[in-house]
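With positions in the sequence shown counted from 1, the corresponding number in our numbering is that position plus 1033.
No false leads were slipped in.
Calculated lysine-lysine pairs in the BS3-like style (CA-CA distance at most 27 Å, straight line): (1) Lys1108 to Lys1089; (2) Lys1123 to Lys1074; (3) Lys1127 to Lys1116; (4) Lys1046 to Lys1089; (5) Lys1090 to Lys1124; (6) Lys1124 to Lys1089; (7) Lys1089 to Lys1116.
Label pairs and their in silico Cβ distance ranges: (8) Lys1123 to Ile1057: 15 to 23 Å; (9) Ser1101 to Asn1061: 18 to 26 Å; (10) Phe1067 to Thr1111: 24 to 32 Å; (11) Ser1041 to Glu1068: 52 to 60 Å.
Hint data in this document are derived by calculation from the structure and do not stem from the laboratory. Built from N, CA and C at the ideal position, the CB exists for glycine as well.
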Amino acid sequence: MNQLNLKSTIRPKRKRYIKTTPEITAHNILNRKFEEQIPNKKWLTDVTEFKLSNGKKLYLSAIYDLGSKQIISHKLSTSNNNKFVLDTLKKAVKLVPNTEGILLHS
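Input sequences plus hints: build the corresponding full structure.
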């Protein structure tokens, strides 16, 4: 390599991640059965992260009803925390008159 004046590129070291186990793990009641005919029986929720062109992040939290195949509630935020997710859930509960027996899957 010296004779040909070649140099190797140095790769940055990988970050090591420690896999953590949550203190409480809920049972998988839905068990990948993502079908429902009756509205307000099964809700799905998730948070999606968007990276903006200015380098900042924006988070979308949404609740989807499997029965009606509609978004029940959604919120946008610049921070991903429990309050953000709970606000999305509270908004959905206000819109639906009877939430008893609804399965919320995340």
